[in-house]
Amino acid sequence: MKKHLPTIIASLLAFVILVMGGTVLILNRNSTPEHACRFYFQSNISVKDGRVTVGEETETAENVIPFTLSEDPEYHLHLAWEDEDDERSQSDPGFLTLMVLEDNEGEVVAYCSGGWLDNDMELDELKAGEYKAHFRFFVDEKEFRDCLIELGEDISEEAKGSFDGYENFGEEGSWVVNFSFELEGKNGVTYQTGIRLGVLFGGVIGILAALLLILLTKKEKTLKGQYDERQEFYRGRAFKYGFFTMLIYLAIDSCVSVAEIELPMDRAVMAMLGLLLGILVFGSYSIWKDAYFSLNDKKKTTLIIFSLIGLLELLIGISNIRDGSAYVDGQLTYQCISLMVGIMFVILLVVVALKVFTGGKGSAE
Amino acid sequence: MKNLRLKSARAAMDLSQQELADRVGVSRQTINAIEKGDYNPSIRLCLEICKTLGKTLDELFWEE
Chain U
1 MKKHLPTIIA SLLAFVILVM GGTVLILNRN STPEHACRFY FQSNISVKDG RVTVGEETET
61 AENVIPFTLS EDPEYHLHLA WEDEDDERSQ SDPGFLTLMV LEDNEGEVVA YCSGGWLDND
121 MELDELKAGE YKAHFRFFVD EKEFRDCLIE LGEDISEEAK GSFDGYENFG EEGSWVVNFS
181 FELEGKNGVT YQTGIRLGVL FGGVIGILAA LLLILLTKKE KTLKGQYDER QEFYRGRAFK
241 YGFFTMLIYL AIDSCVSVAE IELPMDRAVM AMLGLLLGIL VFGSYSIWKD AYFSLNDKKK
301 TTLIIFSLIG LLELLIGISN IRDGSAYVDG QLTYQCISLM VGIMFVILLV VVALKVFTGG
361 KGSAE
Chain B
1001 MKNLRLKSAR AAMDLSQQEL ADRVGVSRQT INAIEKGDYN PSIRLCLEIC KTLGKTLDEL
1061 FWEE
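Protein chains in written order, with the working numbering: chain U, 1 to 365; chain B, 1001 to 1064.
It should be emphasised that the hints constitute simulated quantities derived from the structure, not laboratory data. Check the hints yourself; a few may be wrong.
The calculated lysine-lysine pairs, modelled on DSS-like cross-linking and capped at a C-alpha distance of 30 Å, are [what the hints assert, rightly or not]:
#1 B/Lys1055 - B/Lys1007
#2 U/Lys240 - U/Lys355
#3 U/Lys355 - U/Lys289
#4 U/Lys300 - B/Lys1036
#5 B/Lys1036 - U/Lys289
#6 U/Lys240 - B/Lys1055
#7 B/Lys1002 - U/Lys240
#8 U/Lys289 - B/Lys1055
#9 U/Lys142 - U/Lys127
#10 U/Lys299 - B/Lys1055
#11 U/Lys298 - B/Lys1036
#12 B/Lys1036 - B/Lys1002
#13 U/Lys298 - U/Lys240
#14 U/Lys289 - B/Lys1002
#15 U/Lys240 - U/Lys300
Just so we're clear, the structure is a prediction, and the values are computed from it rather than from any experiment.
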């Protein structure tokens, strides 16, 4: 029994990882919205002589998007906008935007304005039917307030003060603004809930597995990696190189942050990339120096587990790319981390293969 | 510098690198690295190898 304990534990871990990954995949797939309305449009908005116009001269300064919902589950609305010319903040344009969502009877279902236009909203009472999303633009403060009061907003004296934040309100000029309106049906488990469950599940299982391994290695010494002095020496070097890689990466990351350089990835990806680079350098160097696998390691079992994890991560990563969650608005999101981990495992396996083919075994006499 | 004396002492006992490695408790690659002169072993490992091969430190590791 003791002899087979490492294999049993490795198999159990592989099984847990597979189940975990499978669950995340299923949750992701189930949570992919089936009922969705997505609109992306560009609006050329001008402010001149105290008037705001959209595109060509129109009577009302607004964009109207009609759409039909065929199902009536709960919906999640994601609104976003950006200035195409430069990345001015929302308080910069000379006008204010108000989005009003009306049903076919003209009843207001939801609305938002100003900073809330870059936001997510939960719309739990949308029924199947026809709707119109009005994007209205204001340059007159009174007109804007009247509209809000009409919508049932309580415009108190305190709220009036908040208008001061829009420093350029009323400023003349033209703005080309890209709007995105994404209404997605929540089919069972939402996407975010799926991801959160996956992370929570993975975290708990990971901690339990680590605790189990620590307890077992204390009792069963054969489970503990045993390295000879040459391996210890090269592992020390590998750790050093990995550490310096992360150090240099963090320094570059800090410079990028200070210089406010926009990178096509979010903070979670940036952090994870540094971590993976460090692990990759450590793993590649120690594999190349025959110091990765311990004397009591079952190399084949380890490589099979590596391949399985790599394959699983790649599959999750590809699934995330296909459903469009890994790359959003020109930025890599944390959903692409699985793909990065998968690629890292593939690179490590390539290093193992190269080591074998370039004389890893040939020098035995 | 290659350690040909270690290699011949091992061959004289009809031991493969793996067998010697198993007896002294290191990996085959470590024995290979010592024979090729790519790695300088600690005095403890030198003693282990000497004991296993029935040689003295001078015979296997002293440079002439």
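Which hints from the list above does the structure break, by number from lowest to highest? Violated hints (numbers, rising): 6, 9 and 10; every other hint is consistent with the structure.
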